[in-house]
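Numbering (the numbering used here), first residue to last: 61 to 277.
Please note that a few of the clues may not be correct.
[As the list claims (entries may be wrong)] Taking lysine-lysine and the PhoX-like style, the derived pairs with C-alpha atoms no more than 20 Å apart in a straight line are:
no. : residue 1 : residue 2
1   : 162       : 205
2   : 92        : 62
3   : 199       : 130
4   : 162       : 199
5   : 92        : 68
6   : 92        : 272
[As the list claims (entries may be wrong)] Have a look at the derived ranges for each label pair, beta carbon to beta carbon:
no. : residue 1 : residue 2 : range
7   : 272       : 152       : 33 to 41 Å
8   : 94        : 240       : 26 to 34 Å
9   : 272       : 212       : 18 to 26 Å
10  : 240       : 61        : 15 to 23 Å
Honestly, the hints are just simulated from the structure, not real lab data. Glycine included, each C-beta is placed from N, C-alpha and C at the ideal position.
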Amino acid sequence: MKTDMQIKADVTAELASDSSIDASAIGVMVHKGLVTLTGHLDSYAVKHAVERAVRRVSGVRGIALELDVKLAPEHQRSDPEIAEAAMAALRWHSLVPDDRVKVEVEDGQVTLTGQVDWPYQFSSAEQCVRPLLGVRGVKNLVAIKPRVRGKDIAGQITAALTRHAVREADHIDVAVEGSVVTLSGRVDSLAEHDAAVGAAFGTRGVSTVVDKLEVGG
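Could you build the full structure based on these sequences and the hints that come with them?
Printed below as a string of structure tokens:
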């Protein structure tokens, strides 16, 4: 088990190794494996990159993002400009179906709504909007149309966990109600947590994953 000091050192090093992140602008605190990040960033895309970097570090049990997005003057855009750019990005993205995702923007916060057929379309919609200039946050409320029976979904998730080499697969309970999957149990790390949630979310017919997994301990 890593100490909090070791986790902090590893998180700081991981942030510094990512060329898209200005690690000097980010404060790192660790308590019982919970990493709290503070500071001001100049884009939402960087905030997302920071979270991904911290999740790669072993020993991290949770993340609290107390990071403000304060756009640089050259990155600021009006809500109508952001909405127009987001609609164009969605329209030009080959993995997002035409006219299935709607965009609302308020104070730089983008909300996506609509319905798609597959989880990868859900993820792609957010991915193509996240790096746009002026965006301060993204809320993805796009629904995924259910296609498969609950029993089939549970079996596919269990098989996916085994394929992805999640060591604690036997300790993860998969409950399915309609197209909603609830994961509960315990895993050793955030990496295994993310692999389990990703396996569930990437399964055909899953629209929502309720995450009740505990990390470490």
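How the hints compare with the structure:
Among the hinted pairs, residue 162 with residue 205 is consistent with the structure: their alpha-carbon atoms are about 16 Å apart, no more than 20 Å. With a C-alpha separation of about 10 Å, the suggested pairing of residue 92 with residue 62 holds against the 20 Å cut-off. For a cut-off of 20 Å, the pair hint linking residue 199 to residue 130 stands: about 18 Å separates their Cα positions. Restraint check for residue 162 and residue 199: the C-alpha separation of about 12 Å stays at or below 20 Å, so the hint holds.
A threshold of 20 Å between alpha carbons decides the hint, and for residue 92 with residue 68 the separation of about 11 Å falls inside it, so the pair holds. Of the supplied pair hints, the one linking residue 92 and residue 272 holds, its CA atoms being roughly 19 Å apart against a limit of 20 Å. Separated by about 37 Å at the C-beta atoms, residue 272 and residue 152 satisfy the suggested range of 33 to 41 Å. Checked against the given bound of 26 to 34 Å, the beta carbons of residue 94 and residue 240, roughly 27 Å apart, stay inside it.
Distance hint for residue 272 and residue 212: a CB-CB separation of about 22 Å, consistent with the stated range 18 to 26 Å. Range check, residue 240 to residue 61: about 34 Å between beta-carbon atoms, so the 15 to 23 Å window is missed.
In summary, the one numbered hint that this structure violates is 10.
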